[in-house]
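Number of protein chains: 2
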Amino acid sequence: MSGRPTFIDDLDFNADGLIPAIAQQHDTGEVLMMAWMNAASVAETLETGRVCYWSRSRQQFWRKGESSGHRQHLKELRYDCDADTILLLVDQTGPACHTNRRSCFYRAVRDGETVEIMTPEAT
Amino acid sequence: MSGRPTFIDDLDFNADGLIPAIAQQHDTGEVLMMAWMNAASVAETLETGRVCYWSRSRQQFWRKGESSGHRQHLKELRYDCDADTILLLVDQTGPACHTNRRSCFYRAVRDGETVEIMTPEAT
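Protein sequence lines correspond, in order, to chains A and B.
Position 104, counted from 1, in the first sequence is what my numbering calls 104; the numbers after and before it change by one each time, with no gaps.
Position 29, counted from 1, in the second sequence is what my numbering calls 29; the numbers after and before it change by one each time, with no gaps.
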C-alpha cells in the first residue's frame, strides 16, 4: 500500500486527536480490549498489519506485543456510522490483557456482584 | 436488585463523568455499536435490564430503542482490567444502527478503500 489511506481524514478524532479502537478476535468474535489510536497509529497499523495504539498514559506509540510478544495481527479494520470508533478484527497471539488473561473483559457483574470469569493463562 | 451496585464506584469515568460501552450481540458475538454511559445510566441499565446510554450530543439519557423500538436487552455487563471500558452483552431487537443496519460497523477498509459490508434492513 502506498500513501496514507484517505478514509483516515474522514475519522472523527476527539479533542486529543484520538479515537477508540475495539479489538475483536476475528474467528471467535471475542472482544479482547479497547484502546486508543491517533491518525499515525491507524496508518501504521494498516501499513504493517500489526496493531499499533497510542498510549495515553505514556504519550507514545504502543505497538501491541512489542515487549510481551502478544501481538495483534490485523485481519480487517472497520469503523462505525459516526466514524468515531474503530473495530479491529485481529488474530491475537497469546493473552491480550496485561494480567495475562485472554481478554481484558474478565469481570462480570452478576446479581450486583463482580465475578471473575477468566483466569490468567499459564506462562 | 436493591441499591446501587458497588462496582460502579470502582469504574474509572473520564473527566466528563463518562465511560465507553461496547454493545455485543450475546449469541453471535457481533459487535453492534459503541456509546457512552454515566454512573446513573449504568445503574439504570442494571436495574431495568434495558440498555440506557448517555447521549453526549443531546446531554440526556438515551434509552436505546425508546423511539425506534430497537431495544437492547442486557444479558451481562462486563468491564475491563482498567475499569475504564464496559462490555455489554445484549440481545438486540432489530438493527442497532440509526442507518437501519444491524451493526454500526458497516464500513471496512480493504486495499486502502472503504467498502460497505452491510446493507440497511428492510423496514
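Check each hint, because a few of them may be wrong.
Said to hold, decoys possible - To give an idea of the interface, some chain A residues facing chain B are shown, with a C-beta separation under 10 Å as derived from the structure:
hint, residue
1, P5
2, R50
3, S55
4, Q59
5, Q60
6, R63
7, G69
8, H70
9, R71
10, L89
11, R101
12, V109
What the hints contain is simulated information worked out from the structure, not anything from laboratory work.
Quantities reported herein were computed from a predicted structural model and do not represent experimental measurements.
C-beta: ideal position from N, C-alpha, C; glycine also.
>> Does A/Q60 hold up as a contact with chain B if the rule is Cβ-Cβ below 10 Å?
In response: Hint violated; A/Q60 Cβ to chain B Cβ min 18 Å, cut 10 Å.
> Would the hint on A/R101 stand, with a C-beta cut-off of 10 Å toward chain B?
Replying inline: OK, holds: A/R101 within 10 Å of chain B, min 8 Å.
> Hint check: is the beta carbon of A/R50 less than 10 Å from a beta carbon of chain B?
Replying inline: violated (15 Å)
>> Is the interface hint satisfied for A/S55? The criterion is a beta-carbon contact with chain B at less than 10 Å.
In response: The hint is violated - A/S55 has no Cβ within 10 Å of chain B, the shortest such distance being about 12 Å.
> Against chain B, with CB atoms and a cut of 10 Å, does the hint on A/R63 hold up?
Replying inline: Violated, about 19 Å.
>> Can you verify the interface hint for A/H70: is its Cβ closer than 10 Å to any Cβ in chain B?
In response: violated (14 Å)
>> Can you verify the interface hint for A/Q59: is its Cβ closer than 10 Å to any Cβ in chain B?
In response: Not OK, violated: A/Q59 not within 10 Å of chain B, min 17 Å.
> Should the interface hint for A/V109 be scored as holding, given a Cβ-Cβ cut-off of 10 Å against chain B?
Replying inline: holds (5 Å)
> If you take the shortest Cβ to Cβ gap from A/R71 to chain B, is it below 10 Å?
Replying inline: Result: violated, 18 Å to nearest chain B Cβ.
> Given A/L89 was flagged as interface, is its beta-carbon under 10 Å from a beta-carbon of chain B?
Replying inline: Holds: closest Cβ of chain B sits about 9 Å from A/L89, inside 10 Å.
>> So, as I understand it, the hint says A/P5 touches chain B; can you test that by seeing if any CB pair is closer than 10 Å?
In response: Holds: closest Cβ of chain B sits about 4 Å from A/P5, inside 10 Å.
>> Quick check on A/G69 please, does its C-beta sit within 10 Å of some C-beta on chain B?
In response: A/G69 check fails; min Cβ-Cβ to chain B is 19 Å, beyond 10 Å.
Consistency note: the structure conflicts with the earlier hints numbered 2, 3, 4, 5, 6, 7, 8 and 9.
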